[in-house]
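Modelling step: build the complete structure from the supplied sequences, incorporating the hints.
Protein chains in written order, with the working numbering: chain A, 2 to 764; chain B, 2 to 764.
Hints are computed from structural coordinates only; laboratory data are not their basis. Be a bit skeptical, because a hint or two may be false.
Remember, identical chains collapse to one label, so a pair may be satisfied in a single copy or spanning two.
Stated by the list, open to error - Quick list of in silico lysine-lysine cross-link-like pairs, BS3-like style, CA-CA up to 30 Å:
1. Lys59 x Lys708
2. Lys639 x Lys392
3. Lys321 x Lys616
4. Lys59 x Lys639
5. Lys714 x Lys609
6. Lys708 x Lys609
Number of protein chains: 2
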Amino acid sequence: MKKIFFSTMIFFFLFIPLFAVHADDASSGDSDLMWITWVGSIAALVFAFILTLSILKKDAGNEKTKEISRHIQEGAIAYLKQQYKIVALFFIFLFILFLILSFGLKLLSPFVPFAFITGGFFSGLAGYIGMFVSTRSNARTAWAAKTSLNSGLRVAFSSGTVMGMVVVGLGLLDLSIWWLVLNLFKVPVEEIPPIMITFGMGASSMALFARLGGGIFTKAADVGADLVGKIEAGIPEDDPRNPATIADNVGDNVGDVAGMGADLYESYVGSIVATMALGAIASLRLPGISALQAIQIPVSIATIGVICSIIGTFLVHAKKDATQKVLLRALRSGVYFSTILIAALSFLLIRFTVGSEFLGIWGAMIVGLIAGNIIGYFTEYYTSEHYNPTKNLANESLTGPATIIIGGLSLGMSSTLIPVITVVIAILSAFSLSGGFAYPGLGLYGIGISAVGMLSTLGITLATDAYGPVADNAGGIAEMAGLDPEVRKRTDALDTLGNTTAATGKGFAIGSAALTALALLAEYGNKIKEAVEHLFADPSVSVVFENFYAGLIHIARDGGQTIQEISMKIDILDPRILIGLFLGGVLPFAFSAMSMRAVGRAAGDMVKEVRRQFKEKSGILKGTDRPDYAACVAISTKGAQREMVAPSLLAIMAPILIGILFGPFTVIALLAGSLASGFVMAIMMANSGGAWDNAKKYIERGAHGGKGSDAHKAAVVGDTVGDPFKDTSGPSINILLKLMAMVSIVFVPVCITLNNMIIQIFR
Amino acid sequence: MKKIFFSTMIFFFLFIPLFAVHADDASSGDSDLMWITWVGSIAALVFAFILTLSILKKDAGNEKTKEISRHIQEGAIAYLKQQYKIVALFFIFLFILFLILSFGLKLLSPFVPFAFITGGFFSGLAGYIGMFVSTRSNARTAWAAKTSLNSGLRVAFSSGTVMGMVVVGLGLLDLSIWWLVLNLFKVPVEEIPPIMITFGMGASSMALFARLGGGIFTKAADVGADLVGKIEAGIPEDDPRNPATIADNVGDNVGDVAGMGADLYESYVGSIVATMALGAIASLRLPGISALQAIQIPVSIATIGVICSIIGTFLVHAKKDATQKVLLRALRSGVYFSTILIAALSFLLIRFTVGSEFLGIWGAMIVGLIAGNIIGYFTEYYTSEHYNPTKNLANESLTGPATIIIGGLSLGMSSTLIPVITVVIAILSAFSLSGGFAYPGLGLYGIGISAVGMLSTLGITLATDAYGPVADNAGGIAEMAGLDPEVRKRTDALDTLGNTTAATGKGFAIGSAALTALALLAEYGNKIKEAVEHLFADPSVSVVFENFYAGLIHIARDGGQTIQEISMKIDILDPRILIGLFLGGVLPFAFSAMSMRAVGRAAGDMVKEVRRQFKEKSGILKGTDRPDYAACVAISTKGAQREMVAPSLLAIMAPILIGILFGPFTVIALLAGSLASGFVMAIMMANSGGAWDNAKKYIERGAHGGKGSDAHKAAVVGDTVGDPFKDTSGPSINILLKLMAMVSIVFVPVCITLNNMIIQIFR
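Here is the structure:
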């Protein structure tokens with residue numbers, strides 16, 4: 002009954018906008034429907050709040066499970082404290098810089114500094130809330146799993162759903178607030194989206210810190226715990242005597258929950274704001290669609306997505322004695338139902354707001370949804386032990402660590418082909434369906450819409466993704482607290498389920514990153530044009546750009562006053578374009594090198610700390626002294642924070658410096674080059690890492706001699722190499738690509754002005 | 002005395018052209034100096050012949066060393082027989098295809114099929130001769146090393162010099178012959194270079210087969226010999242009872258000598274023909290330089306390089322009791338002397354042929370020489386045990402195989418930054434020095450010239466590079482034949498020396514690959530323009546391209562007859578450009594995945610064969626039965642040949658298919674994207690592999706517990722992973738990039754015509 006009530010309420014909310022539109026004159030296009038983002042945002046946040054209360058009501062188990070869970074909570078808080086210190090410094094520095102650029106030099110809009118801060122704040126908040134709930138759900142999941150697999154799933158899935166809802170809810174909330182504020186300040190509609198990209202940049206910066214920091218933290222703790230605890234001291238995994246154990250479990254929350262939350266917040270918001278911006282520009286040259294309408298379509302799709310995701314979560318339930326297979330079907334039916342509902346409602350939305358002549362935009366959105374599913378399927382195919390690639394990889398472990406490493410690397414490399422081809426087909430289809438071959442601007446908007454479409458199901462796909470770490474933690478707690486082995490078996494089953502659904506989630510994240518980065522690249526092109534027009538509007542500027550950006554910008558002053566033509570065509574053989582491509586190609590490699598080495602160094606610190614504790618307090622190993630868990634958490638945190646700064650600076654400084662030195666067209670080539678190499682590398686790292694992980698688990702379940710065999714040892718080597726691949730470097734590259742594009746966009750006026758000064762000097 | 006005689010003779014030869022030019026009117030530019038390529042070619046080949054005779058005169062040692070050497074020779078021949086069967090099929094197939102396209106459909110020049118064949122033939126011949134000499138020098142080097150380090154060096158270095166001279170000599174010979182033939186057929190001067198690019202394509206195809214095949218062969222034999230011989234049967238390395246031992250030693254010759262020879266032949270010829278082609282085009286729009294002059298400059302620089310390399314080799318000598326350090330100084334002084342001499346003589350060449358206004362071209366050449374040295378230095382820095390990166394990597398072995406793998410991957414990734422920045426600066430400098438900002442065509446020619454400059458010292462740098470595998474083989478023979486351990490020590494010292502100089506050689510190969518690929522990309526741009534002009538010259542073709550290549554080619558018919566404008570500007574945000582970039586970015590990954598997996602599969606076959614022999618003939622392990630070496634060689638060969646076809650087809654088919662489906666501009670983006678990701682990946686793979694190799698050797702010399710320690714075992718894992726990186730996939734990527742560009746160039750008319758048909762259908 003409760004479900005039916007909820008569903009009815011939600012449908013009611015959802016159809017208000019559609020009815021409102023229909024009542025209005027659709028073609029006049031002036032009805033401000035942006036209030037529906039409030040509906041989506043509040044619905045998601047209220048739903049998340051109700052779910053959180055219901056989780057907190059559950060029994061957290063006995064003293065032991067409660068204590069372990071508390072340690073993990075404390076560790077997570079300790080991590081956040083340290084992380085926020087560094088991040089705050091970074092944000093304050095950039096905030097002041099933005100203040101100077103906006104109010105002092107008048108190069109940026111006065112809203113930019115504040116938009117930047119809110120993006121970072123909400124991204125961090127999404128991660129924080131997700132972590133708050135997941136660290137409180139772990140013991141409860143373990144305890145619920147005592148009853149049945151289904152009970153365990155309900156708690157863990159609720160926790161994942163909170164995460165999903167918080168991410169989309171806060172995303173829409175930030176959009177809603179800024180829409181309101183900028184309207185109050187009477188900013189013209191078409192100027193709003195570019196300001197919003199600044200909060201995308203804030204969100205991306207925070208996401209990069211969270212992913213890098215979280216990834217370094219969790220892998221340092223993991224490696225440290227294993228090397229000293231398991232190998233040197235000879236105590237089993239997840240043993241409470243190991244000072245790094247808690248840090249290890251904290252890491253799951255810090256990396257896989259908080260990091261992923263901030264990351265997907267950034268993806269979600271990034272795709273929406275980039276598409277809004279492209280829509281605003283496209284509408285200027287198109288009859289039949291207003292800027293407001295073009296801006297509303299992506300947020301409306303997102304809102305529909307939120308509501309349908311909420312409805313979808315109600316379908317995820319099963320009988321008490323349900324098997325793993327039944328549960329997987331339940332999870333999938335929730336996602337599929339939401340997807341179909343979103344597709345149907347979006348059709349109505351577009352049909353009744355901008356009319357049937359723009360239904361191609363709906364087509365672009367469907368392309369995104371399908372492409373996300375294809376990439377997700379092949380992510381699973383390449384990394385799941387149920388398919389040949391990972392099974393063959395497990396076979397490679399029979400001839401030792403070298404062959405499994407070579408096998409995993411080549412698996413990851415070959416797994417890049419299908420996602421890239423899928424994205425390529427998606428780009429072409431989204432562009433042409435939405436009418437890009439007649440109006441290129443509309444085609445680029447269509448590419449953005451397909452990214453929004455791909456992420457429209459985020460509320461529920463993230464739920465199926467984020468419950469995995471909770472189940473993982475629950476298993477650790479069950480082990481440490483000495484619960485019935487049956488409980489551990491059940492949490493393991495949940496974890497495996499989580500791996501399968503997480504693969505799909507990763508596919509969506511990767512695919513949308515490529516499309517969003519493209520949309521941002523397109524928006525960057527628009528910004529350059531705007532900035533050059535602005536520069537030339539000043540009659541005292543007399544440079545004829547053509548001489549300097551040879552073949553890049555064709556500008557001629559008619560009688561020294563009017564601008565005749567600004568052409569955005571690029572001579573791909575101009576050396577300034579070529580060097581941009583080369584530098585762009587190398588950036589993801591340099592970035593990954595930094596983040597991988599960071600994991601190594603932080604792990605080294607952890608090894609020293611654990612050794613120190615064992616040496617100074619001999620009672621720890623005997624079980625009479627309590628190890629100093631917080632010290633290990635602090636070490637891992639400190640290491641993570643120290644190491645995450647350099648790669649982040651690389652991402653932010655590279656486009657600015659190149660832009661100032663060589664001008665905006667080299668930056669376009671830089672972004673294109675980094676996209677060409679980074680996108681592929683991100684897929685490779687994610688899939689190599691995932692396959693090694695699952696090959697190891699496959700062997701642990703008994704294949705090739707099981708735990709302790711030589712094959713297993715080889716597989717552990719593969720898994721350890723894969724850890725920084727899949728949890729640190731790989732996902733960070735996706736953020737890197739988008740962050741670089743956003744930085745380029747935000748700093749366009751600065752780069753153009755300074756680059757013009759350099760050109761004047763060299764004349 | 003002999004030296005002085007030689008030097009005088011050579012200087013005499015060398016100055017003829019300069020005097021001839023000076024006598025002529027330099028500005029008229031019609032003096033055909035192309036005959037000097039005959040001088041360079043014959044000088045190199047005669048010198049190689051004399052050296053070969055002197056090597057064959059040396060004592061090949063006792064019965065044992067002779068026998069082992071003979072086995073290696075037989076194995077190498079067995080390999081070649083098999084390889085040429087497959088390659089011949091491939092070449093015949095393409096030859097027939099070219100015949101149809103040239104004579105049947107009149108789409109290509111009638112010389113294309115024959116040029117293609119000669120390129121492949123000479124590339125293969127260079128590898129064959131190099132291998133012929135190296136397999137005859139190995140035992141002789143071992144025997145000479147009995148006397149002193151210096152005597153060993155002299156034999157090995159002579160063998161390397163033969164290789165260097167054969168590569169440059171045959172390169173210039175092919176150029177000379179075709180110049181003669183095409184002049185006989187009265188082909189206009191400016192149409193000659195594009196035909197010559199076809200023999201570049203032949204050479205590249207052969208090089209790709211040789212590198213892939215050789216790389217797969219040697220690594221399969223290596224892994225197979227180790228896994229069954231060392232680990233399962235427990236016999237030491239290089240033990241004659243191991244059936245795969247000979248295959249292992251054959252592999253060194255097949256991969257590191259024949260493969261490298263074909264590879265560098267391709268680089269050398271590729272850079273020259275690409276630059277000739279760019280020169281011919283550039284001269285059309287430039288006053289003061291004729292097509293003939295522009296074509297002659299790169300070949301003259303190459304010829305000067307050959308002569309100076311010959312002179313340089315005479316400086317490589319030392320006293321009988323010279324230490325390793327003194328020998329390194331001797332090697333280096335030879336290279337440096339040649340470099341300086343080339344720089345000085347090229348100055349005179351350019352000053353007195355095209356005049357001082359074009360001295361910027363000389364600047365571009367110097368840029369190439371310097372850039373090559375910088376990249377070479379940093380290749381050594383990152384991969385030599387004398388510097389911190391590899392020392393730190395060796396430290397990582399203390400915590401097991403996982404950390405040394407992570408460390409090696411991140412070392413390789415971070416080592417890409419400096420080479421890329423060096424190439425970027427070289428591109429900008431070469432372009433601007435040669436006047437590209439006024440005449441872009443001249444700037445692109447300058448980029449080509451810098452590649453030619455970088456490779457002008459190839460005669461001697463390849464000598465210092467190619468003697469390494471000979472020393473390596475000599476060590477193996479010394480071990481197998483039970484020579485005095487002092488001999489092994491000396492050959493090891495030579496091998497180490499070789500590693501150091503080989504690092505520099507690799508730097509030149511990598512840097513020149515990037516620059517040559519760029520030059521080819523530029524030439525591709527020229528060819529498209531030409532093909533479109535040709536297409537439009539046919540008045541029956543009425544398509545206005547603008548509608549289809551939106552924003553790509555601006556063509557308008559004036560009154561339906563004249564072409565108003567062909568603009569080569571590209572809209573980087575056009576989806577057809579974006580998909581080209583993405584597909585280009587993924588190609589090197591897909592290609593590497595294939596070649597790495599190929600090594601794994603071929604190694605598996607070898608394991609089975611060795612096991613079979615041990616099982617069927619129990620006398621082998623007792624030393625009473627002779628193992629069937631040839632069977633192992635055949636297995637490795639067969640595996641190599643089977644596995645090298647698919648990646649090669651990928652390289653050739655990708656640009657053709659994309660060109661037919663999406664048109665030539667998508668191909669430009671494809672080439673640019675693959676260059677952006679492939680160049681970086683090639684450096685990473687080469688340096689990761691090199692560092693792992695040297696970290697292992699560093700440990701074997703006693704660090705971290707030496708041979709047999711856990712650290713050593715971990716380092717062996719790193720080395721095994723690095724093997725396909727540095728000897729199969731990495732160097733093949735360099736060839737891949739150039740081959741794809743050459744295929745695109747050669748197939749331009751085919752792609753444009755078929756793509757136009759598709760466009761007509763979809764209208």
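Comparing the hints with the structure gives:
Taking the shortest Cα distances, Lys59 and Lys708 never come within 30 Å of each other, neither inside one copy (35 Å) nor across copies (58 Å). For the homomeric pair Lys639 and Lys392, the shortest alpha-carbon distance between copies (26 Å) is at most 30 Å, but the shortest distance inside one copy (38 Å) is not. For the identical chains of this complex, Lys321 and Lys616 are neighbours neither inside a copy (49 Å) nor across copies (57 Å), given an alpha-carbon limit of 30 Å. Within a single copy, Lys59 and Lys639 get their C-alpha atoms no closer than 34 Å, and across copies no closer than 65 Å, so neither meets the 30 Å cut-off.
Proximity of Lys714 and Lys609 under a CA criterion of 30 Å is satisfied in both settings, with 24 Å inside one chain copy and 24 Å between copies. Taking the shortest Cα distances, Lys708 and Lys609 sit within 30 Å of each other both inside one copy (28 Å) and across copies (27 Å).
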